[in-house]
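Below, each chain spelled out in residue letters.
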Amino acid sequence: MLKDFFRAVKKIYLCNNIVLWMILLVLPVSTSIFMVHFFSAESIQRIPIGIIHYDYSKLSERLEYSLSANPVLELKLQCSDFSECERGIRRGEIQAFIVIPYQFEKRVLRYETPVVPIYSNGQYYLTNMFALKEIRSVFSTIGSNLFTRHIKEPIKTEIHSVGNSTGNYQGYLGLGLVTSIFHMSSILIAVYVFSFPLRDRKTKEYIDAAGGSRMILWFASVVPLILISWFLMLAVYTYTHRFLAPLTLNEFIMVGAGQLAMVLACTGAGISFVGITGNMRMATSVAGVIGGPAFAFAGQTFPIIAMPFFVRCFAFLLPLTHLLKIQSQMILGDVGLIPSWDSLVILLGMGLFWHLLGGRLIFIRWKKWNHD
Amino acid sequence: MIKRLLKVTFSEWKLFFTDPAAVLLLVIAGFIYAFYYPTPYLKQVVTEAPVGIVDLDKTAMSRQLIQMSRAAQQIDVKYVFDDIHQAKLSMADGNIYGYMIIPNNMERDIRTGQKVTLNVFTHGAYVMLHGNIGTAFATSGLTLGAETKIKRIALDKQVPAKSAMAMRDPFPIQIQTLYNRTGSYSNYVVPSVLVLILQQSLIIGICTLGGARAHRKFRKKKQESAAENESLPYRYFGRSLAYFLHYACFIAFYHFVVYNVFDFPRRGEPLPMIVFAVVFLSASINLGMVLSQVFLRRETGMQIFLFLSIPILFLSNFSWPRYLIPDWMAALSAILPSSYAVPAWLSIQQMGAGIQDASVFLVKMGVQSVIYLGLGLLLSFLRDKSKLKTGDM
Numbered sequence: 001m002l003k004d005f006f007r008a009v010k011k012i013y014l015c016n017n018i019v020l021w022m023i024l025l026v027l028p029v030s031t032s033i034f035m036v037h038f039f040s041a042e043s044i045q046r047i048p049i050g051i052i053h054y055d056y057s058k059l060s061e062r063l064e065y066s067l068s069a070n071p072v073l074e075l076k077l078q079c080s081d082f083s084e085c086e087r088g089i090r091r092g093e094i095q096a097f098i099v100i101p102y103q104f105e106k107r108v109l110r111y112e113t114p115v116v117p118i119y120s121n122g123q124y125y126l127t128n129m130f131a132l133k134e135i136r137s138v139f140s141t142i143g144s145n146l147f148t149r150h151i152k153e154p155i156k157t158e159i160h161s162v163g164n165s166t167g168n169y170q171g172y173l174g175l176g177l178v179t180s181i182f183h184m185s186s187i188l189i190a191v192y193v194f195s196f197p198l199r200d201r202k203t204k205e206y207i208d209a210a211g212g213s214r215m216i217l218w219f220a221s222v223v224p225l226i227l228i229s230w231f232l233m234l235a236v237y238t239y240t241h242r243f244l245a246p247l248t249l250n251e252f253i254m255v256g257a258g259q260l261a262m263v264l265a266c267t268g269a270g271i272s273f274v275g276i277t278g279n280m281r282m283a284t285s286v287a288g289v290i291g292g293p294a295f296a297f298a299g300q301t302f303p304i305i306a307m308p309f310f311v312r313c314f315a316f317l318l319p320l321t322h323l324l325k326i327q328s329q330m331i332l333g334d335v336g337l338i339p340s341w342d343s344l345v346i347l348l349g350m351g352l353f354w355h356l357l358g359g360r361l362i363f364i365r366w367k368k369w370n371h372d
Numbered sequence: 001m002i003k004r005l006l007k008v009t010f011s012e013w014k015l016f017f018t019d020p021a022a023v024l025l026l027v028i029a030g031f032i033y034a035f036y037y038p039t040p041y042l043k044q045v046v047t048e049a050p051v052g053i054v055d056l057d058k059t060a061m062s063r064q065l066i067q068m069s070r071a072a073q074q075i076d077v078k079y080v081f082d083d084i085h086q087a088k089l090s091m092a093d094g095n096i097y098g099y100m101i102i103p104n105n106m107e108r109d110i111r112t113g114q115k116v117t118l119n120v121f122t123h124g125a126y127v128m129l130h131g132n133i134g135t136a137f138a139t140s141g142l143t144l145g146a147e148t149k150i151k152r153i154a155l156d157k158q159v160p161a162k163s164a165m166a167m168r169d170p171f172p173i174q175i176q177t178l179y180n181r182t183g184s185y186s187n188y189v190v191p192s193v194l195v196l197i198l199q200q201s202l203i204i205g206i207c208t209l210g211g212a213r214a215h216r217k218f219r220k221k222k223q224e225s226a227a228e229n230e231s232l233p234y235r236y237f238g239r240s241l242a243y244f245l246h247y248a249c250f251i252a253f254y255h256f257v258v259y260n261v262f263d264f265p266r267r268g269e270p271l272p273m274i275v276f277a278v279v280f281l282s283a284s285i286n287l288g289m290v291l292s293q294v295f296l297r298r299e300t301g302m303q304i305f306l307f308l309s310i311p312i313l314f315l316s317n318f319s320w321p322r323y324l325i326p327d328w329m330a331a332l333s334a335i336l337p338s339s340y341a342v343p344a345w346l347s348i349q350q351m352g353a354g355i356q357d358a359s360v361f362l363v364k365m366g367v368q369s370v371i372y373l374g375l376g377l378l379l380s381f382l383r384d385k386s387k388l389k390t391g392d393m
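Protein sequences, first through last, are from chains V and F. Numbering follows the numbering used here, in which position 82 of the first sequence is assigned residue number 82; successive positions increment by one, without gaps. Numbering follows the numbering used here, in which position 160 of the second sequence is assigned residue number 160; successive positions increment by one, without gaps.
Keep in mind the hints are simulated off the structure, nothing from the lab. Beta carbons are placed, not taken as given, at the ideal position from N, Cα and C, and that holds for glycine. Check before you lean on any hint, since a few could be wrong.
[Claimed, not checked] Here are the simulated lysine-lysine pairs, DSSO-like style, with alpha carbons at most 27 Å apart:
#1 V:K156 to F:K115
#2 F:K43 to V:K133
#3 F:K162 to V:K106
#4 V:K152 to F:K151
#5 F:K151 to V:K106
#6 V:K152 to F:K115
#7 F:K7 to F:K217
#8 F:K162 to V:K58
#9 F:K3 to F:K217
#10 F:K157 to V:K106
#11 V:K204 to F:K220
[Unchecked claim] Just a few of them, taken from the derived set where beta-carbon distance is under 7 Å, the chain F residues facing chain V:
#12 V46
#13 T122
#14 G183
#15 P265
#16 E299
#17 L306
[To be verified] Partial list, computed: chain V residues near chain F (C-beta under 7 Å):
#18 M1
#19 G349
#20 G359
Next up, chain V with everything else stripped away, as it sits in the complex (with noise of 0.2 Å):
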């Protein structure tokens, strides 16, 4: 039995098939080591910003000389006119203008607070925060040394993020980015596996392969399959986490869990997609609608609680979606493992469910094609 067994998975797996081992192996390691580094500057910095003087004074050279010195922004354009700064922000020079407004400095001194306008390009959603942001610091910076600078501001809020109390988007969007590439990939990997000897008529000749036995064969299929999928998503998750707070074991073994139990659901999935349609181009289709848009679905860009109701029923269906409620919990630290559990016993009914129907289903296919 074991010898059948090995034999299958020599013929599955070793067979000089480049495509195979593209989609297993390079192109989910390659295209995750990619999206981790595209991040590699951590944060926005250097926003390109605008500015329109009409009042030429200390305080006005002041805003001007803060707003150089500070690291998120680059003064990049000084503008004779409105039109000409806002041409900046539709060619993408600029991010947004400051227009410091006339007699300034004069006003500001009769206590008239005069109102200082800035344009922003709220097109480019995130950079525009990082530029409002520091431009609004700079601002009350100044503002609030100008007249009372002994007097503090008696309430001060400090903001901290749990588990990234840098911001780091390396690791935040990196980890949502791999975890979802993986699961792409696993539900694609485990469509091609099941679908290249219909494809190639081969059925037979693997079915011989593995002693006569479809059970042999859909082991030999689907074990070698899980276990570098999984292997694989550790390393590279491994290799992300550095950038953000440590786990411990306990936290690191649950992610483990997790990232099994995804790769149990989707690899189910994908051999259902293969026995549901029975063909690889149209199960890869099937396996592109649902696992491309993923991320966008699964809640770390755009929370579920603010989805439609239909969409957070489709988001809960989604293996993604709770394995990166695991990770997201575990890395809020001293809480226990005890909320990670719901999330993982989803995903192990997920892996079940898909397996059970995807085998019944393939089984079914593969006597069919066997005796075709």
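Using the hints, position chain F against chain V.
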């Protein structure tokens, strides 16, 4: 000459609706994805994120701060806890996404002229909520503190309240958002994704249909037909024209229908839109024609490009500025039409830019188009001469 070209064009166009794989990629995908991707963001902005407050002070002032926080639009104060551990557990359970700690003796410290720090903790895995929750709590704290500070200034400087207010905030800022004024998340993400849908489905579709190859095996009965085996220039340009016309319809569909359905701003003028369509589709079609000669199987393009969708989307720099990514990635992005098409589309369609404003991106796509055209013709020529076993193509 034109008749021969159009014969190839219509033969290919017919294939888009008759070959099952092509129907899925070149017809259905463009429609389904355009409505499927925006659904998570139907509410556009995140309001009322569930949060908690740990009140260790339990005074009139702490209750006033809780009331102020309850009034904030971005958050929904679901729980008021007595100790920090309860708040931590609630955040781990996913009931809340952040909490504020009102310290013990806050009111007393403020009244005795001391400085008080309010600590706000947000869930590190949800950066988007971090900003919303932080801003809401910070505004509440600032509002409460402003009253006290104005009183202190008035007493210290012996000025009326109006002057004290002016001294506290001598030049208030007024933020005017020029585009995406409501801060809609769908308006931020979806337009870029729409461009990517067009590019990806087009390239994968061309790879599935074998680009400009002659004697395509999957055509079975039509494998030896005249339109199928025209001379290379007719085959290349005829089929390219079919893709161009088909996808020009998609751009019009997105502009007139999808943008209306999801209430996105539609500022694109006809001329810049036409120029965009010509250069973007030319670059994408020619890139597809190049890649289609590399793969031996119809589905290989789909398997590979599905993995590349995420990196390609981020390389278009709609969310992360180009100057912050490593140089080699920026160089790599130059081979993709979407790297210039996304910013060009955002400039033209979302911001109403003219051809001159978007020219920096349009010219680069034009250059890509010319390079890929030469490469596509060369590879198709070589493939015609090749005796290599070509899978199902």
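Evaluated hints:
Distance hint between K156 of chain V and K115 of chain F is fulfilled; the C-alpha atoms sit about 7 Å from each other, no more than 27 Å. Taking the CA atoms of K43 of chain F and K133 of chain V, the gap is near 24 Å; set against the 27 Å cutoff, the hint holds. Restraint check for K162 of chain F and K106 of chain V: the C-alpha separation of about 18 Å stays at or below 27 Å, so the hint holds. Note on K152 of chain V and K151 of chain F: the hinted pairing holds, with a Cα-Cα distance of about 12 Å set against a maximum of 27 Å.
For the given pair, K151 of chain F sits about 25 Å from K106 of chain V by alpha-carbon distance, which is consistent with the 27 Å threshold. Simply put, K152 of chain V and K115 of chain F have alpha-carbon atoms about 8 Å apart, close enough for the 27 Å limit, and the pair holds. Note on K7 of chain F and K217 of chain F: the hinted pairing holds, with a Cα-Cα distance of about 20 Å set against a maximum of 27 Å. Of the supplied pair hints, the one linking K162 of chain F and K58 of chain V holds, its CA atoms being roughly 25 Å apart against a limit of 27 Å.
Under the criterion of a C-alpha separation no larger than 27 Å, the hint pairing K3 of chain F with K217 of chain F is consistent with the structure, at around 25 Å. Of the supplied pair hints, the one linking K157 of chain F and K106 of chain V holds, its CA atoms being roughly 20 Å apart against a limit of 27 Å. Pair hint K204 of chain V plus K220 of chain F holds up; C-alpha atoms about 25 Å apart against a cutoff of 27 Å. Residue-level restraint check for V46 of chain F holds (minimum Cβ-Cβ distance to chain V is 4 Å; threshold 7 Å).
Checking T122 of chain F against chain V by beta carbon gives a least distance of about 5 Å; that is within 7 Å, so the hint holds. With a cut of 7 Å, the hint placing G183 of chain F at the interface with chain V holds, because the nearest CB-to-CB distance is about 6 Å. Nearest Cβ of chain V to the Cβ of P265 of chain F: about 9 Å, over the 7 Å cut. The hint is violated. For the restraint placing E299 of chain F at the interface with chain V, the shortest Cβ-Cβ distance is roughly 5 Å, inside the 7 Å limit, so the hint holds.
Checking L306 of chain F against chain V: minimum C-beta separation of about 5 Å stays under 7 Å; hint holds. Violation of the interface hint for M1 of chain V is found here, the shortest Cβ-Cβ separation to chain F being roughly 33 Å, above the 7 Å cut-off. Hint on G349 of chain V is violated. Least Cβ distance to chain F is approximately 18 Å, over the 7 Å limit. The closest approach between the C-beta of G359 of chain V and any C-beta of chain F is roughly 23 Å, which is over the 7 Å cut-off, so the hint fails.
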